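Enquirer: Following the hints, position chain B with the ligand against chain A.
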Amino acid sequence: MKILVCISKTPDTTAKIAFTDGAKKFDEAGVQWIINPYDEWYALVRAIELKEKDPSVIIHLLTVGLADAEPIIRKALALGGDEAIRVNADSSDSYYVAAQIAAVANTEKYDLIFTGKETIDYNGASVGGMLAAILDTPYLSLVTSYSIEGNTSTITREIEGGEEVLTVNSTVVVSCQKGVAEQRIPNMRGIMAARTKPLKVLEPSTADTLTSIESFELPAPKAGVKLVSADNVEELVKLLHEEAKAI
Amino acid sequence: MVLVYIDHQDNQIKKSTLEAISYGAAVAAQLGTEVHGLLLGTVTEDISTLGQYNLKNIYQISDASLSNFDAQVFVKTIAAAATKVGATTLVFSHNQTGKALSAGVSALLKAGLVTGAIALPNTSAGFVVKKSVFSGKAFANVSITTAVKIIAISPNSYKVVGGAATTATTTPLEITVTPGQVKITALNKTSGEISLTEADIVVSGGRGLKGPENWGILLDLAKELGAATACSRPVGDAHWRPHHEHVGQTGVQVAPNLYIAIGISGAIQHLAGVNRSKTIVVINKDPEAPFFKAADYGIVGDAFEVVPKLTEAIKKMKASA
Ligand SMILES: Cc1cc2nc3c(=O)[nH]c(=O)nc-3n(C[C@H](O)[C@H](O)[C@H](O)COP(=O)(O)OP(=O)(O)OC[C@H]3O[C@@H](n4cnc5c(N)ncnc54)[C@H](O)[C@@H]3O)c2cc1C
Numbered sequence: 020m021k022i023l024v025c026i027s028k029t030p031d032t033t034a035k036i037a038f039t040d041g042a043k044k045f046d047e048a049g050v051q052w053i054i055n056p057y058d059e060w061y062a063l064v065r066a067i068e069l070k071e072k073d074p075s076v077i078i079h080l081l082t083v084g085l086a087d088a089e090p091i092i093r094k095a096l097a098l099g100g101d102e103a104i105r106v107n108a109d110s111s112d113s114y115y116v117a118a119q120i121a122a123v124a125n126t127e128k129y130d131l132i133f134t135g136k137e138t139i140d141y142n143g144a145s146v147g148g149m150l151a152a153i154l155d156t157p158y159l160s161l162v163t164s165y166s167i168e169g170n171t172s173t174i175t176r177e178i179e180g181g182e183e184v185l186t187v188n189s190t191v192v193v194s195c196q197k198g199v200a201e202q203r204i205p206n207m208r209g210i211m212a213a214r215t216k217p218l219k220v221l222e223p224s225t226a227d228t229l230t231s232i233e234s235f236e237l238p239a240p241k242a243g244v245k246l247v248s249a250d251n252v253e254e255l256v257k258l259l260h261e262e263a264k265a266i
Numbered sequence: 159m160v161l162v163y164i165d166h167q168d169n170q171i172k173k174s175t176l177e178a179i180s181y182g183a184a185v186a187a188q189l190g191t192e193v194h195g196l197l198l199g200t201v202t203e204d205i206s207t208l209g210q211y212n213l214k215n216i217y218q219i220s221d222a223s224l225s226n227f228d229a230q231v232f233v234k235t236i237a238a239a240a241t242k243v244g245a246t247t248l249v250f251s252h253n254q255t256g257k258a259l260s261a262g263v264s265a266l267l268k269a270g271l272v273t274g275a276i277a278l279p280n281t282s283a284g285f286v287v288k289k290s291v292f293s294g295k296a297f298a299n300v301s302i303t304t305a306v307k308i309i310a311i312s313p314n315s316y317k318v319v320g321g322a323a324t325t326a327t328t329t330p331l332e333i334t335v336t337p338g339q340v341k342i343t344a345l346n347k348t349s350g351e352i353s354l355t356e357a358d359i360v361v362s363g364g365r366g367l368k369g370p371e372n373w374g375i376l377l378d379l380a381k382e383l384g385a386a387t388a389c390s391r392p393v394g395d396a397h398w399r400p401h402h403e404h405v406g407q408t409g410v411q412v413a414p415n416l417y418i419a420i421g422i423s424g425a426i427q428h429l430a431g432v433n434r435s436k437t438i439v440v441i442n443k444d445p446e447a448p449f450f451k452a453a454d455y456g457i458v459g460d461a462f463e464v465v466p467k468l469t470e471a472i473k474k475m476k477a478s479a
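Chains as they are written, first to last, in the working numbering: chain A, 20 to 266; chain B, 159 to 479.
These aren't lab readings, by the way, just hints derived from the structure by calculation. All values reported here derive from a predicted model rather than from experimental measurement. Incorrect hints may appear among the rest.
Unchecked claim - Under the rule of at most 30 Å between Cα atoms (straight-line distance), these lysine-lysine pairs were calculated in the DSSO-like manner: (1) B:K381 - A:K264; (2) A:K94 - A:K72; (3) A:K264 - B:K467; (4) B:K467 - A:K245; (5) A:K245 - B:K368; (6) A:K264 - B:K436; (7) B:K436 - A:K43; (8) B:K268 - A:K128; (9) B:K381 - A:K241; (10) B:K268 - A:K264; (11) B:K473 - A:K257; (12) B:K436 - B:K473; (13) B:K467 - A:K241; (14) A:K257 - B:K443; (15) B:K381 - B:K368; (16) A:K245 - B:K436; (17) A:K264 - B:K173; (18) B:K368 - B:K268; (19) A:K245 - B:K473; (20) A:K241 - B:K443; (21) A:K216 - A:K94; (22) A:K44 - B:K268; (23) B:K341 - A:K72; (24) B:K341 - A:K70; (25) B:K451 - A:K44; (26) A:K257 - B:K474; (27) B:K474 - A:K264; (28) B:K451 - A:K241; (29) A:K257 - B:K467; (30) A:K241 - A:K44; (31) B:K317 - B:K443; (32) B:K317 - A:K264; (33) B:K317 - A:K257; (34) A:K241 - B:K476; (35) A:K35 - B:K476; (36) B:K436 - A:K241; (37) A:K241 - B:K173; (38) A:K35 - B:K436.
Next up, chain A with everything else stripped away, as it sits in the complex:
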């Protein structure tokens, strides 16, 4: 079985969110970059677990990004995976990114494609769905567990107010979230091994972009907290009812 894990680079969760260039660009000054947590903790780790169970499994990691994405893909390789691919292109439009991944998938013929449920920077939650549509494969979103027996994948996905369990026998695109696997810490052996694993750089294929970011905004700051004494919860109830009109 051949698995593709899509990897995206995002700012660290504690990064200061600021913008430059007339609020047109994210301010990267001093920002630490990480593997998008959904891609790392769930998608990648689950793929590694599948390979631990069946060593014949081959795992490719793929990122669409410029050269500054390489440390991230190396970091991902330190956790596991056999080889990495970087499509050398800017990744700001979801459709463009999905089209790049689809082009690679069309030549590599993966049996299973994992993405994270969304990235924690642009929160698009779109690349997986677009990729599945381009490849004309089933798409399973918001997945909380994945297993495979023979040709049959068994998948649990979140729906409104519950979960759905389903099976499918074909190539699938699975967007992973909490539940699929548990976060792992890379060890020294993995980090050493990652240095010698192949990282292939591909030039992008032609694809359209459908959107562009015009500008960013920061939310208006809060007016400040109104503190109510712990002995006077009635006051809080009154404020919530009359002032905030929240209850």
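Expert: Coordinates of chain B with the ligand only, in the frame set by chain A:
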């Protein structure tokens, strides 16, 4: 034409769909065009009443193979329907179903998509939609540059506008539906629970509650308020509460009318997922807890004392109302 995807589950049209219809109607008014609905499958509910949200007509595709949800099948069907009826703007809710569908339809139609939208498009120059980014820490104004546009509106971001004295017509639509490959084998409903992303009020607990056995006070408060329950990440990780309750940057992002945080410190990753809530109440025994900086109202105190008192006070207020 603006076409709104009518999501339904258990024969019911969800609140998030009513928001999407209201939003779609406003977009249509802004563009000087009509708003129609698209319903895949069948519901027992009387859909003509959706006219009260200014929906003119509902195109219905009632092919038997649409009775089970399969994103691949639904995406193709929606894309074909949108083309057939000549939709120029498609609206989805960015709820669980929307997350499974809008991206695929975008790819098939090559129609630019903005997910997690929080406001009406700005059409003064082009078509620019504001969306939440960095898990709620910022907003981006995204321009859709294609002829057909798709917007997935964030739940709880657009008010349901009802009350119009009209009924919606239903028009059957013939679309060839290709059968799918996915077999649904089980459906596990968390019965009686209020959906977290749709809830008006969310009551959330953190490590300050010390253990799962102490959740009773929080559940009582939630019950009194008709609220959904949530938790911080360590609480989910420790299995004190189910995974799907974990809110924050790496969990569910919520934007209720009221968010009550109990024994949660307010780490940046937690705030990211909840700071679009309209009103935030923090109950924490530590006056230095960072959450107070992001709150509208706060009580410095022991949750085990404050929360039961709060539940009582709300009960009293309701009784006297
Ligand atoms: C990459 C990354 C992603 C993350 N994503 C998320 C995320 O999505 N969501 C999330 O929540 N966290 C996330 N975290 C974790 C986050 O940094 C915090 O560790 C976490 O939110 C803390 O949870 P907490 O507030 O419940 O616990 P703590 O930080 O331990 O806070 C407990 C609070 O309870 C108060 N308290 C204790 N006893 C009482 C009492 N009797 N009455 C009242 N108050 C009391 C304390 O004063 C304290 O403020 C992430 C971290 C990382 C590194």
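Enquirer: Hints broken by the structure, by number, lowest first?
Expert: Result: hints 10, 18, 31, 35 break, sorted rising.
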